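Residue numbers (my numbering), protein chains in the order written: chain A, -12 to 343; chain B, 28 to 535; chain C, 77 to 393.
Simulated from the structure, these hints should not be mistaken for lab results. Mixed in with the good hints, there may be bad ones.
Distance condition first, Cα-Cα at most 20 Å in a straight line; then the derived DMTMM-like pairs of lysine to aspartate or glutamate [stated by the list, open to error]:
1) A:Lys199 with B:Asp396
2) B:Lys352 with A:Glu214
3) C:Lys263 with B:Asp102
4) B:Lys245 with B:Glu33
5) B:Lys186 with B:Asp217
6) B:Lys426 with B:Asp411
7) B:Lys426 with A:Glu214
8) A:Lys213 with B:Asp217
9) A:Lys199 with B:Glu424
10) B:Lys259 with B:Asp236
11) B:Lys426 with A:Asp0
12) A:Lys(-3) with B:Asp377
13) C:Lys390 with B:Asp102
14) B:Lys355 with A:Glu214
15) A:Lys321 with A:Asp0
16) C:Lys169 with A:Asp0
17) C:Lys390 with B:Asp193
18) C:Lys169 with A:Glu322
19) B:Lys259 with B:Asp243
20) B:Lys352 with A:Glu224
21) C:Lys263 with B:Glu194
22) B:Lys355 with A:Glu224
23) B:Lys252 with B:Asp51
24) B:Lys150 with B:Asp161
25) A:Lys321 with C:Glu389
26) B:Lys53 with B:Asp193
27) A:Lys124 with B:Glu295
28) A:Lys199 with B:Asp377
29) A:Lys(-8) with B:Glu55
Just so it is clear, the structure is predicted and the values come from calculations on it, not from any experiment.
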Amino acid sequence: MNTVKKFLLKREDVFSTLIALLIAFGIIAILLMSTGRPAGEAFYYFIKGAFGNVENTSNTISRVIPLTIAGVAFLIGAKCAVFNVGVEGQLILGAMASAIVGYIVHLPAIIHLPLMLLAGMAAGGLYAFIPAWLKTKRGVNEILSTIMLNYPATFFTHFLVLKVLPMEGVVPATPKIDATARFATLIEGTRLHAGFVVAILVVVFAYFLLNKTSIGYEMRAVGANKEAARFHGIPVEKRMITAFMLSGALAGLAGAVEVAGVHYRFLDQFSPGYGYDSITVAMVGLMNPIGVVLSATLFGALKTGILDMSIYTEIPRQLTTLINGIVVLLIASKEMIRSSFSKLVRGKEEFKQEKE
Amino acid sequence: MSYILEMRGIYKHFGEVLANDHVDLKVEAGTVHSIVGENGAGKTTLMCILYGLYKADSGQIFIDGKEVDINSPSDAIANGIGMIHQHFKLIPAMTVAENVMLGLEPRKGKIFLDLKQINQQTKELSDRYGLAVDPKALVGNISVGIKQRVEILKVLYHKANIMILDEPTALLTPQESEDLFRVINHLREDGKTILFISHKLKEIMQISDRITVMRDGKIVDTVEKRDTNEVKLARMMVGRDVFLKPAPAPKKVDGAVLKVEDVSAVNEFHRPVLTDVSFDVRSGEILGIAGIDGNGQTELVRALIGLQPITKGKITLKGKQMDHKPVKLIRDEGIGVVPEDRLMEGLVVDFNVQENLFLGLQRNKPFSDGKLISWKAVRKNADDLVKFFDIRTPNNEQKVNLLSGGNQQKIIVARELSHNPEMIIAAQPTRGLDIAATDFVHEQLIKQRDEGKAILLLSLSLDEILLLSTRIAVIYKGSIVAIVNKDETTAEDLGLMMLGGTYEHIPA
Amino acid sequence: MTFLDIIKSVFTIALVYSTIRISISILIAGMGEMITERSGVLNIGVEGVMLMGAWAAAIGSYFSGSAWIGLLCAVGVALVIGLIFSYIAITLKASQAIAGLAITLLATGLSGYLLQIIFEHGGNTPRVPTLPNINLAFLNKIPVLGRIINDQSVLMIFALLLPILLYIIFYRTPWGTWLRAAGENPKALAVVGINPVTVRYIATLCGAMLGGIGGAYLSISQTSMFSENMVAGRGFIALAAVIFGNVKPRGVFAACMFFAFMDALQMTLQTAVPDNIIPREVFQALPYILTVVILAINMAKGGGPADIGNPYEKESR
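Could you build the full structure based on these sequences and the hints that come with them?
Written out as structure tokens, the structure is:
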């Protein structure tokens, strides 16, 4: 019994997150039923929609890709005390930059594809420099500044698409990128593309950076205790700027990968809020690269599954956002769940000991 | 004799620390009653209990002979008790009058503020006690001395008869202190009772009628001012029985490792925090820095490792210039630091044991080639240090916030000694530790000393300074006022100098 | 067209009319957020509160047949949302930013979901009864004023009185003093016996209530339906205006009017002159960019409440 208790307490954060998720889905089930929608049936169609066949599974994975990269982007910042709510804006600018490189420049694939991804990273990273500079040099709260900066990014790309760049057809979008700038489709007829590999590389990179390098260790130290980091000679502001720009660059990469793998152009308003989802994904993923993959899978499945479900069951697709909101609310209150969980486990144990 | 205030059997502990141990205090009406004691003697805790900020574990409070229940500041205010906090509880963005009236604003027709009354009443109150405060001035724009008067006005406005002043002169200039004493005398003449908390003996002798001395959470004695003097008070404050055996004399003292010459520094408000500090620390000795909290010790340590910019002076380590260099470079030259704030500066509490055991060395061999971390080396280092220093942890991947204070401190000491620095700075190295952990830290410092390291020890505990030091420097208001050999001084001498007295030898 | 012609065709009474019309929702919501922020709580979820307010107003109005009942529904729902936020941000002391983001996500999902559940189709509600507009005959006799005021929503009166009312509350009543004290230094308030937590709860709920009314204006006055995501960033504009206006009634009022004017100007320019002189996106992005600039300048000299965003911790050791 003692080992079970120890295990439960050691993985407190995992269990309290799982409990938060369970409560969230409990609330959703109640909501579904109280609005006259069958929760059981909904769940069936949801699973079927997300993983029911090769096509659906592939589509789920195609959503997991940007969510994973964006989630890691948010995580890299948060690990270094940088709360980058600007992933959305950086992602959009990254997508735009990569789309431009994708259709204006003509190069062999081996150079073209990496170049367009780099362009995306550069755009996202540079855009993140603004809030990074403001935070470290002017003491501006990065949450406020990044929220505000998401909007100009949207309007700017919108402006480029509609009024500067040439448009093919009626859809507000840039011209299509060259074939040399596209990811190969992995399974024909689905949206699953080779950007999958990029997502895996990003996760490996984040894990490697944070856990295997000196600079990653320093970034984590800054995130956990700025004062101690400074006391032990770590240049706190420099590391925060690095983390912020790296976060922005990965956000830009997420946008570029969407362009190279899914849309083959910059499509106005292509992002269904991947940038905002990245916060949920990283938080549910316990700020851990591997955790982000799992949580991105969950939220990717939610997006695909609910879309499919809404066709068969008359359950509105807005359920996705709703679930996101409830999950974030519960994760924000996780401290309470964690302490109740801890009390429960300890309490039960003590109760048992008394009986023996 | 009737007492306006009586506290009986006040008992309070914070975790393992006993802050007030059955304290009895009687205060006569219309007097200035001082409570003196070293840092951590329990004065502030006692006053916070009286003001309802802390709840005593047990004990009674009587006002005018009637028992009262004080659970919050509102209760205290209702019972005529006011407190002038050491850290002002004022709102810089509001005017003096708004601050004074906060919570009890005069109203016009129940809804609106009576702005005229607010300013007028403040003015009247200020004039009556000769406080000369402009009601319309913004608190953010006035000096520290005036801010304190605003706090006094606030308490007067709440119709307090008993006024607690918690270390009121700590932030004041000498002139401002003199002004404050005039105000206090004025208040006493008006029949107010003043509880004056301080550890500065000179001013206590100047202002008090009676004096209560506290030590280790207990009352040592309450005396009339006319029956005592600074020397007697100092002895009561610091003269506890020394039960620890002093360290054996150093084996061999060599040349200076660290040289500090005429170092000055200012804080963010441009007030001087260090003034012309000069000393050196020699190989094989422990130089103790004695002083009351807040006299520049924190800034000194930060200046030595490059965190506090210095405006003047030179710092050299083994002949190499160290001032105006980045922290990392200074530390790598061979300075180990046990910082005064264990949890904020010494450790990253969310990191595990092995991660903390190479904090600051993450780019040094053998842990890293400058880019990549060798976890093998980190693990080996942790295994070695945990064993050698007997750090009690379930495993090396335990987060350190779950360890006891003693084991946390062992981690810091182990790390700082592990890279074999020639200079060791230990700031409050045993604060909050139990006897066993304290002994451990002391042993390590003496061992390092005998290996020829230079050690700078900063401590608020005079006992610890006397126990370990070869020489002792006294710091007062950012200056080193004396450097003496341990064998040629006494606790009383040092106590006097720490409290701002001039050096004169007092036969024990 | 000469330059003068352009000026003449743009700066008309109609421009003033539409500036006020646009300002009403951000003014009410911004004033609410100002109260909340003054007490030391940063509610990034104004957007969400407004959205729920707009939704509840339309639904209430549709089913009761009375827009006033719709308005009441908006207030009720906004208070519930505000209570959830307060509990998480003030009592549980969780990150106010995360709680605010969660509120916006929740509101976006919930309003869209329930819309579809109730009407079996998404997008928007059927037409719902609206609040009356001002229509006073005597105003028409006054040349300029009549064309500006008549035909505006009755909520305009509320919106324009609100800054004055709040100015009086902030600076002329004890409650205003306590509110500001809670945002500057809650401990100073606690030592004189007033609980900062209570003050912050009340301020956050007032803020949410006004956010709800600001949202309701959009669905039962400016238009006559609720459509998905109809708040469309106005909550963030309101948030921006509060920062831009230094969290003070006059400043926030001016900022709201300025942002509304920019929006009205942009719309007028689109119809009055060939678009490509100044792209509308510049106007749309302006509030956000200006706010970031203000943040950069202000943070150094400290304009807003000193203790904003920090949970209140009781005096303890």
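| said: Hint check: B:Lys259 vs B:Asp236, CA-CA at most 20 Å. Holds or violated? | reply: Roughly 16 Å separates the two Cα atoms, so the pair holds.
| Satisfaction of hint between A:Asp0 and B:Lys426, Cα-Cα up to 20 Å | OK: B:Lys426 and A:Asp0 at ~13 Å, within 20 Å.
| message | Given the hinted pair C:Lys390 and B:Asp102, is their Cα-Cα distance within 20 Å? | response | 16 Å, holds
| said: For A:Lys321 and A:Asp0, compute the direct alpha-carbon distance and say whether it is at most 20 Å. | reply: This hinted pair holds, its Cα atoms lying about 9 Å apart.
| If you draw a straight line from the CA of B:Lys259 to the CA of B:Asp243, is it 20 Å or shorter? | 18 Å, holds
| query | Between B:Lys53 and B:Asp193, does the CA-CA distance stay at or below 20 Å? | reply | 18 Å, holds
| Straight-line alpha-carbon gap C:Lys169 to A:Asp0, limit 20 Å | This hinted pair holds, its Cα atoms lying about 18 Å apart.
| said: What's the verdict on A:Lys(-8) and B:Glu55, does the C-alpha distance respect the 20 Å limit or exceed it? | reply: Between A:Lys(-8) and B:Glu55 the Cα gap is close to 58 Å, so the pair fails against 20 Å, i.e. violated.
| field | Holds or violated: A:Lys321 to C:Glu389, with C-alpha atoms at most 20 Å apart | value | It holds: about 19 Å lies between the C-alpha atoms, which stays within 20 Å.
| Can the restraint linking A:Lys199 and B:Asp396 be considered satisfied, given a maximum Cα separation of 20 Å? | Between A:Lys199 and B:Asp396 the Cα gap is close to 12 Å, so the pair holds against 20 Å.
| said: For a C-alpha distance cap of 20 Å, please report whether A:Lys124 and B:Glu295 respect it. | reply: With a Cα-Cα distance of about 16 Å, the restraint between A:Lys124 and B:Glu295 holds, given a limit of 20 Å.
| query | Between B:Lys245 and B:Glu33, is the straight-line Cα distance small enough, at 20 Å or below? | reply | 16 Å, holds
Checked against the numbered hints above, the structure breaks hints 8, 29 and satisfies the rest.
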